[in-house]
Amino acid sequence: MRGMKACFQIPERSLSYAKIVQARAIQTCLNIAERSLSYAKISIFFLIG
0 MRGMKACFQI
10 PERSLSYAKI
20 VQARAIQTCL
30 NIAERSLSYA
40 KISIFFLIG
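Using numbering that gives the first Met the number 0, you'd call the opening residue of the sequence shown number 0 and step up by one each time.
Since the hints were made in silico from the structure, they are not lab data. Using N, Cα and C, we set each Cβ at its ideal position, and we do this for glycine too. Check each hint, because a few of them may be wrong.
Distance ranges between label pairs, derived from CB positions [as the list claims (entries may be wrong)]:
#, residue 1, residue 2, range
1, Ala5, Asn30, 29 to 39 Å
2, Gln26, Lys4, 38 to 48 Å
3, Pro10, Ile31, 28 to 38 Å
Kindly generate the complete structure, drawing on both the sequences and the hints.
Here's what the structure looks like:
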């Protein structure tokens with residue numbers, strides 16, 4: 000029974016780790032998108048101005 004519990008704990012840990020990695024990747028993508036968006040806004044502002 001103890002072995003079964005250990006087997007269940009490993010996938011749970013790796014799943015939570017995968018969630019953390021995914022969340023970080025999404026956050027990084029959002030940060031990059033935000034930066035490029037603000038850069039585009041600045042470029043447009045300079046073109047219009």
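Here is how each hint holds up against the structure:
1. Ala5 to Asn30: 29 to 39 Å: Hint holds: Cβ distance 38 Å, inside 29 to 39 Å.
2. Gln26 to Lys4: 38 to 48 Å: Violated, since Gln26 and Lys4 (Cβ atoms, about 33 Å apart) do not stay within the stated range.
3. Pro10 to Ile31: 28 to 38 Å: Taking Cβ atoms as reference, Pro10 and Ile31 lie about 31 Å apart, which means the hint holds.
When held up to the earlier numbered hints, the structure conflicts with hint 2 and nothing else.
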